[in-house]
Structures are given as structure tokens and as C-alpha cells.
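Asker: Okay, here's what each chain looks like letter by letter:
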Amino acid sequence: MALPQVKLDATEARLSGLTLPEGGWSAAARADAVARVRAMGLPHARDEYWKYTKPNTLVDAEVPSAALFASDEAPAFGERDRLKIVFVDGVFDAEQSDDLALEGIQIDRLAEASDIHWAKDLYGVLETKGQDPVERPLAALNTAFATDGVLIHVQSSPSKPINLIYRHGQETSDAILHHVIKVDAGAEVTVLENGPAAARFNKCMEVDIADTGKLHHIRLQGRDHERRAATHIFARLGTESVFKSFTLTVNGQLTRNECVIELTGDDAVAHVAGACMGDGSFHHDDTVFITHDAQNCESRQVFKKVLRNGATGVFQGKILVKPDAQKTDGYQISQSLLLDDDSQFLAKPELEIYADDVACSHGSTSGAIDDDALFYLRARGVPLEIAQDLMVIAFIAEAVQEVEDESLQEEIVGRVEGWLARRRG
Amino acid sequence: MLEIKNLHVKLEEEDKQILKGVDLTVEPGKVHAIMGPNGSGKSTLSYVLSGKDGYEVTDGEASLLGEDILDMEPEERAAAGLFLAFQYPVEIPGVGNMTFLRTAVNSQRKSRGEEEMSAADFLKEVRAKAKTLKIDADMLKRPVNVGFSGGEKKRNEILQMAMLEPKMCILDETDSGLDVDAMKLVSDGVNALRDEGRSFLVITHYQRLLDHIKPDVVHIMANGRIIKTGGPELALEVEQNGYADLLEENA
Chain A
622 MALPQVKLDA TEARLSGLTL PEGGWSAAAR ADAVARVRAM GLPHARDEYW KYTKPNTLVD
682 AEVPSAALFA SDEAPAFGER DRLKIVFVDG VFDAEQSDDL ALEGIQIDRL AEASDIHWAK
742 DLYGVLETKG QDPVERPLAA LNTAFATDGV LIHVQSSPSK PINLIYRHGQ ETSDAILHHV
802 IKVDAGAEVT VLENGPAAAR FNKCMEVDIA DTGKLHHIRL QGRDHERRAA THIFARLGTE
862 SVFKSFTLTV NGQLTRNECV IELTGDDAVA HVAGACMGDG SFHHDDTVFI THDAQNCESR
922 QVFKKVLRNG ATGVFQGKIL VKPDAQKTDG YQISQSLLLD DDSQFLAKPE LEIYADDVAC
982 SHGSTSGAID DDALFYLRAR GVPLEIAQDL MVIAFIAEAV QEVEDESLQE EIVGRVEGWL
1042 ARRRG
Chain S
10 MLEIKNLHVK LEEEDKQILK GVDLTVEPGK VHAIMGPNGS GKSTLSYVLS GKDGYEVTDG
70 EASLLGEDIL DMEPEERAAA GLFLAFQYPV EIPGVGNMTF LRTAVNSQRK SRGEEEMSAA
130 DFLKEVRAKA KTLKIDADML KRPVNVGFSG GEKKRNEILQ MAMLEPKMCI LDETDSGLDV
190 DAMKLVSDGV NALRDEGRSF LVITHYQRLL DHIKPDVVHI MANGRIIKTG GPELALEVEQ
250 NGYADLLEEN A
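From first to last, the protein sequence lines are chains A and S.
One rule links them: number in this note's numbering = place in the first sequence (from 1) + 621.
One rule links them: number in this note's numbering = place in the second sequence (from 1) + 9.
Worth double-checking, as some hints may not be accurate.
[As the list claims (entries may be wrong)] Straight-line distance between alpha carbons at most 25 Å, and here's what the computed SDA-like set of lysine to any residue pairs gives: (1) S/119 to A/1037; (2) S/193 to S/141; (3) S/133 to A/1031.
Simulated from the structure, these hints should not be mistaken for laboratory data.
Chain S extracted, bound-state conformation (with noise of 0.2 Å):
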């Protein structure tokens, strides 16, 4: 599914190395976890994945199902079945949540060369799918996570996944800023989508998201590099040890 060789990422404005030759493959149905220390790259190889302006890549390739992703746009790699949801989802005042959908779905099937979805066949679905996560009516109406709690940003981002049926999903920290109960929602809500076509990459700090989406393959990523991969046991030596001795391995 996403095959990612040798990733060498630096900051564009600063020369930085971010990324130091990030080797990872996640095969298709399968959920990956990356766990790791703040500042080890995690979220940048979520970016740089899906085409955050900002990034350089000075090495190595990234591709999804066969396809090189890394001179795509932004929105071409998401019609190509990439979806990253974003540990800091943006506000847009003025862009209503059922418009920005919308557009965002027919987008994708538009560049698939696919049919269009008519406006009482989205409705019926947006509101099945927004149901079982718990999303009402006034939210679907209101501006794109305008005003919206830190749980409730989190919902819209699985209400988006599951609207769009991507075949490659990243979650960016999606446990940061959750409750228990929150945090047992969404990941109701990825469990379901789960299917052996579809692929997650699970970022975390914590093991207790884990405990919810149970991965399948988990990696350690420190500076740049992913340095262990394991079972899910390998989150559970984390949680009880921290990275410490990981790392020290590793120096």
C-alpha cells in the first residue's frame, strides 16, 4: 500500500534534516503504529506524505499503491486514496461543513473520473456516518471546525475519512486533546473503516490509543530514523520503560 524508501526530509526555510532515510512499508488491511520521542519527525512525515508546502525532500521516494506520491499536489494525492488526519484540525470561517464535504468528495471522484454524488445521496449518507459518531445536524451546519471542542474537531476528522473512503490513512496524534470517552468514539469510528483494503498509520505518543486501534506492526521512530520495529508488544515496552533504553540502543 504505502511504501516509503530512504525519506531524507529537511526544512525548506532553515537547513535542517528532519528526516534522515525513513524506510517503512505498510501492506494493505494492515495498521501500523509509529510511537516516538517529541521532535523524532512524526508529524513531518505525515506532511511531507501529504504535500505540506515547506518541506524539501533531498532523498529517497515515497509511493502509494505503485504510484510516486511526492510530485503530486496536495489534492491529487488525496484523490489517489491518501488521507491524513490532522492532529491540529484547521478552522475556515464562511466555508460551511456540509459544502467543504461535498466539494471535497465530488472533487475526488471528479479527478477518478468518477460520477458525481448527488446532493440528496450525500445528505442520506452524511447523516447515517455522522450519526454513529455522534456529530448533530448544527455541526454539519456550521463553518468547518469553527467553534467546535477539541473532541468534536477530532469527530469531524473521522466524519471526513469515512465520507471520502481512503485507502491509505495516517492519524496524526488523533488521541491528543481527547477524553476517555472521546478517544473511545473515534476510535470506534477507525475501527470501522477498517477493511483489508484500506491501511492506517497511527501516530501517537501514548500507548493507550493502542489499547483502542490495535495495531498490527509497531515502530519506534527517534531522530529522523525508524530504530525498532516490533509487535504491539513493543508499545506496551514503551509505555512501561519510555524511550530511554531504545534509544540508548540505538546511539
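So here's chain A without its partners, still in its complex pose (with noise of 0.2 Å):
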């Protein structure tokens, strides 16, 4: 079928804009990726995936440009051991990074990776199957115009966590960044991103994670006002894996995470979640798509919103079941909580089962904080204000919780109270 010209003429606005990279062992998958954009074109306001965000900003030519933020924050994960690697507007940056070695993991540069390479089964593979049955243009324009990017290879269980820097150095930067990581069977693995990573930023996210093996994804997006980002997980799990992806994001004018997941192996688990503070010009879309392809596999999606003063959060989930996956237990919950009746939520929480021996539920609410609990609070001595902010706090709770790290759950904790502290000024 042919593309309405509107979305045409955006579409090759955007593409003549943009450099294919050399291509080398990728050359082949950017080609492909290329044609299916052509083919699907970007995203445009009257889709229906993007009822509720406006894409135009994400697809523009024109980079709409963002103030540089200067944090006055600890830098995120700065107490723990990890290893770094930094990207400043989607480039690497090899000395601001640790050397890329670590037992027990390959770690390579996208931009410099030999030819013959692992992740030439991955690269755009995973991206491509994610494609059905909902088109995601976007992380196809990744995969074939990303300019860097790492490709880890988890071969054993390394004894510090992967952290990804982004760092945000020109106030019209338009980086793409696609990352792969394939966790081989029995290994496990951390990895970490955070920091204002450009402008506008496209990031992609492709997960191969074997039979018994572990992802843990911890992610922190903020504070940056004026940042825009449109990310892509997708991720394949085999027999009895783990995936575990928490996303806290405080700020930032237009994000949309997207999360594709595909269960292709029995008694695997895939948990999703993510809390998100909001104020003002904020919108926030979390876009979760899980498949159960097997048997006895469990996800969760739990999915928090605190909006105020204008913001707007939106939530699109689904879970796939397939006619075999029985044995599947579902679940999924998206809220959010109004702290003015100017905030929006948008839910759109979606099931499809074809297997008759399942377990899903699903839950979608919005509200405001409750008169009674904070009169009790306040009746034994704790002022509107802490009283409101434990509130709050108590709210994401059953986001961070699917954090398993307790250390790491009290550093976004922290996070997101010193974001309530400086609103309180």
C-alpha cells in the first residue's frame, strides 16, 4: 500500500538528511533497514501507535535544539564499582570510558567492530522481528543509521556491572546509538545507563539472552528538560532466562520508551517497569510489548506516573499469548498519580490470549493522593509537604521493587526525593 504523501515527503526529508555509515559487516542489515523504512515510512500524528504522542519532534529534519543541563547531583552509580563507558552525543568517547576489558566479557565498539563479528546474527535481527505485528519506524531508521553503539558479548558472569554514560555536549545534537548484548547460557549480567545523552536521541537495544541466562537493566533518564528520546528494547529469552529492565526518568519534554519482548523459551521471566516524575512540559510513553512463545513464562509489566502541572504520562502494554504458551502468568499494572487536575494519564493496557491455560491481569488507575493518608501523616506531626512526598515515594514503590539490588533501589529512591526536594525549593 502506498504511503500517504505527508508521511513520505517527512520520511525522505528525514532520510536525506542522514549519512549511511560505512557499512563493513553491518552494511547488509543497514541496507535492509533502510527499505523498510522507505516502506513503513516514519511515524506521523494519525497513527494509531502514536494516538497519544506526538511524533513530529522524533522524525523532524530539523533537530529542535535543548539547553545543555548541568546537574548539581552525585553522578548516578558514581559509589559503586562498575565499568564505564561514555558516549558524548552518541560518540564514543574512549577517554572519558574504562578500557573496555573485563573477565569474562567482549565489549566492542559498533563504529570499529571487524568484520566477521557475533553480533552480525543479532545486529537488526531482533530489531526486524520486533517489526510485527506492530511497525516501530523508528528503531528501524536506528538500525540502519546508528553511529555507534557497543556489542557486549557475556560470556561468563563479570564482577562488576556494564554502565553506559551518555553525555549531552551540543545544543542540537541528533545521536543514534544501537547497542546489542548477547548473554550466553548460565552468565549474568548488570547494565547501567543513565545521564542526557543529546538533543534529541534514537537509541536502540537489541538482547539475545540464552537458556538460564541474566539481564539485569537499570536505567536512569533525566534530569534534562529539554531532551528528546525515543528508545527500543528488544529482547529475546530462552528456557528458564531472566530479563529485569526498571526505567526511573525524572523530566524531559518528550520521551518514549519502548519495550518488545519475546519469550521463546520455557519458564523464562521478563519484568518490565518503570516510574516516571513529571512537571509541566513533560510526556512520558512507555510503549510494552511482551509475547509469550512458551510455556510456563512469567512477566510483569508495573508501570508508575507522577504527573503535575500539566504533564502528561501515557502507557500502551500488551501481552501476546500464543496458542501454546500455557501455563502463562501475566501480569501487568500502569498508574499514575495526579498531583493537579491539569496532568494527564493515558492508558491503553492491552491482552491477547489464544492459550486457554493462563493466568493475566491487568490494572490501569489514575488518582490523586489520598485526603485520609495524608491527614494521618500530617495529625502525627509530619508537615503537608514530607507528608506528600512519602506519598509519592510510596506510590513507585511497586516499581522500584522489581529492582532486585536493594542498594540499588536506595539510590533511586534518592534520586527521586531529592527531585522532590528541589520542587519544593
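Each of the two chains sits in its own frame; use the hints to bring them together as a complex.
Answerer: Structure below.
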């Protein structure tokens, strides 16, 4: 079917401003991705999947500028032993990064990886698979034009987490990063991400977890106000493997985090969770699609959004249970805490189930802080603002608890407390 | 300690007068009880004194240790020494009991210009006080009142009272939902806090709580007013004859 002219024009305008990187081993995947982008067209406001989030600033040929943000906070994850990999405006920075050597793990730069590379079997492959049944053109665009990224092969469990750190250097930077992570059988790794990446950021992460492998992913987005970001995670899970991802988002004019997970081996576990704190000109979209294609797998989606001063939160979450995926245990909850009447939460929870022996539940709520609880706290001497903050922390607790490591939970809560305290001035 | 003069209160949302001129003075170190039939305004009195939204004071005044409290925020009243033990303690999922208690203790101290309690001192004190109320470590760790039985909730109220060391304690039907053993436990907790610098206002339907927490003065409240005041024998009289005679006297 031919694309509408507006879509065609917008897509070609965007493509004409981009240069296809020198290919090497990824050339075929990139060429294929360009063709797919042309065929599907970039997202448009009239697309059903973009009903609640305006995609234009993510698509426009011209990059909306974003002021650099100087944080007064201690760097995230700064207290822990980790392997730092730093990107500035989407370009790997060797000087700020650690030596990429770590026992049990092989790390290569996408822009430099040799011609015969293990990632050839994955780069763009999971992304392509994730285009069905819903098209994700920004991810295909990413596969085609990503200028950098890391290829991480986890062969056995490394002694410390990998920390991908993003830094924003120029007001109109337009970064496209693509990471590939392959976790071998029995290996376990933690990947941390943080930092303002660019004025506009398009990031794709393909994750392949072999049988009994484990990946913990913890991401902090913020506090740069003016950025726009579209991110995708495509994960494929083998038998008895575990994938747990948590994202804390504070501020940001526009953030769309998509997560596409396929449970392909029996007894696999996938948890995707997020908490976001929005104030004013803030639009945050979590779009999740989990496919159960094996037996006895467990998936959880836990999303909490705290919104004030006209902020908008969006959740589109789907659980698809294929006919043979018996004994599926699926859970999905999306909730918003609206701190005033100007903010809004738009949710589209979906279940599509073709197996007959499954337990799937979902729920979505919007509400204000419970007045009775607030009075109870105040009657014990807790000042109004602190009582409100306690209620906010309580509200996001279920999502934060999806992070297994307690010290990371504490760090996340600490960041949120800082955000709340700064709001009080 | 607590002085209430000619207090008139109506519901904000509807034009309904609940308190129609309450006069009450609780002296330091004394235990006053308020009894009365349903709908007489007892719980409203406790809410208005502690600062809950939804009520409008149309006339009269209330002061704690000489300070007008009706214009204060609820947290300011608490810091000034007022404590309400709730008839229905609120469950707050996600807020840990210990976090809540420590935040409350230190908020009050801070607002009074006192030094905050260290984590170690707090822990030591809360453990000791919890033990006498038979509150176990698990209850302390759980979210505030979540999954607590009726008796556990009331014991938790008394633990908060013990930790916050208020000057004026209002107990709103603390006996409701308690079995005999729990009532004794809660009463023992309250009695342990009796002190010449601390006063109590015990709101109850039944005389049996007053067997455990012996009042100095008993008031009967009906139709938004205190209609009779006497000694402990007044509670016994109500127990035997009900409120009908008293109401008739005042009709």
C-alpha cells in the first residue's frame, strides 16, 4: 500500500539529512533497514500507535535544540564499582571510558567492530522481528543509521556492572546509538544506563539471552528538561532465562520508551518496570509489547507515573499469549498519581490470549493522593509537603521493588527524593 | 491544658450544624471521658481539634496550653502536643511503619527547635516501647497499618503516642473492635503514659474501657453539646440506665 504523501515527504526529508555509515559487516542489515523505513514510513500523528504521543519532533529533519543541563547531583551509580562506557552526543569517548577489558565479557564498539563479528547474527535481527505485528519505524531508522554503540558478549558473569553513560555536548546534537547484548547460557550481567544523551536521542538495544542467562537493566533518564528521546529494547529470552528492566525518568519534554520482549523458551521470566516524575512540559510514553511463545513463562509490567503542572503520561502495554504458551503468568499494572487537575494519564492496556490455561491480570488507575492518609501523617506531625513526598515514594514503590539489588533501589529512591525536594525549593 | 469555649462547628459541604456550643476544660494530668449516643458529635470534636478538613468552625475557640489551635495546620497542632488516636487508623501502603514513625518524631522535634533523634537512639527506643505493647519486629517493618488486625492497629496508635510523647491525647473510640485482652493491653499502654504533665480525653460509647482507664471527670455529650458533667459514677449510671433519662432531663 502506498504511503500517504505527507508521510512519504516527512520520511524522505529525514532520510536525506542522514548519511548511511560505512557498512562492513553491518552493511546488509543497514541497507535492509533503510528499505524497511521507506516502506513503512516514519511515524505520523495519525498513526494508531502514536495516538497519544506526537512523533513530529522525533521525526523532523531539523533537530529541535535542547539547552545543556548542568546537574548539581552526584553522578548516578558513582559510588559503585562499574565499567564505564561513555558516549558524548552519541559518540564513544575513549578518554572518559574505562578500559573495555573485563573478565568474562567481550565489548566492542559498533563503529569499529571487525568484519566478521558475532553481532552480525543479531544486529537488526531482533529489531526486524519486533516490527511484527506493530511497526516501529524509528527502530528501523536506528538500525540503518546508528553511528555508534557497543556490542557486548557476556560469556560468563562479570565481576561488576557495565555502565553506559551518556553526555550531552551540543545544543542540537542528534544521536543515534545501537547496542547489542548477547548473554550466554548461565551468565549474568547488570547493565546500567544514565545521563542526558543529546538534544534528540534515538537509541536501540537488542538483547539476546540464552537459556538460563540473566540480564538486569537499570536506567536513569533525566534531569535534562529539553531533551527528546525515543528508545527501543528488543529482547529475546531462552529457556529459564531472566530479563529485568527498570527505568526511572525525571523530566524531559518528550520520552518514548518502547520495550518489545519475546519469551521463546519455557520458564523464562521478563519484568519491565518504570517510574516517572513529570512536572509541566513533560510527556512520557511507555509502550510495551510482550509475547509469550513458550510454556510456563512469567511476565510483569509495572509502571507508575507521578504527574503535575500539566504533565502527560502515556502507557500502551500489551501481553500476547500464543496458542502453545500454556501456564503463562502475565501481570500488567499502570498507574498514575495526578498531583493536580491539569495533568493527564492516557493508558491502553491490552491482552490478547490464544492459550486456554493462563493467568493474566491487568489494571490501570489514575488518582490523587489519598486525603485520609495525608491527614493521618499530618496529625502525627509530618508537615504537608513531606507527607506528600512520602505518599509519592510509596506510590512508586511497587515499580522500584522490581529492581533486585537493594542498594540500587535505595539510590533510585534517593534520586526521587532529591527531585521532590528541589520542587519544594 | 485543653480549653474549649462555646465551640460551634458545621460540615463544610452541607449546612449541617454538628457542635452547638461545646465548653470543656481538661486540666493538666487529668483524664476526662466523653460518652454519648451515636451522632452526638463526639468524633467531630476530635477531628476538629486535630485539624481535619471538611469542618467549619462558626463560633467559639479552642486552645492548647493557652495557644489557639484552630488556625493551626494539623502538623502544627501535633508539634504543639496534641495527639489523636484514630477510631479507624489509616492504612498507608508503601510507607514503612518505622519510616513513618521516625519522620513524625523528627518532624515534631525539628518544628519545636529540638535536635533530631539519631537512627540508633530511635531504633532502641521504638523497640523497647513496641515490646511492652507486644508489637513484634515484623509489624514495625510492614507498611503503616497494612494487614494489621483491628487490635494491632490500635496498639500501633498507642505506640505512636508513646514515641511522640504528646501533652494532650484524644482517644477516639479506641475500644471499638477490641477483644478483652487487646483492650487490657491498650489500656495498660495508655495508663503507662499517665503523667502529671499529660492529659487525656477518652471518647467512648461504653463504660468498660473506663474500668481500665479510670477517668477523673466524665462528660455526657448529646446533640452537639455537653449536657452533664460528673465523676466516674456518671459512666456507671449511663451503663445501667442508658442515655434516655439524661436526654429527657435536658429536653
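Asker: For every hint, state whether the structure bears it out.
Answerer: Checked hints:
no.: 1; hint: S/119 to A/1037; in the structure: holds, 23 Å
no.: 2; hint: S/193 to S/141; in the structure: holds, 12 Å
no.: 3; hint: S/133 to A/1031; in the structure: holds, 23 Å
Checked against the numbered hints given earlier, this structure breaks none of them.
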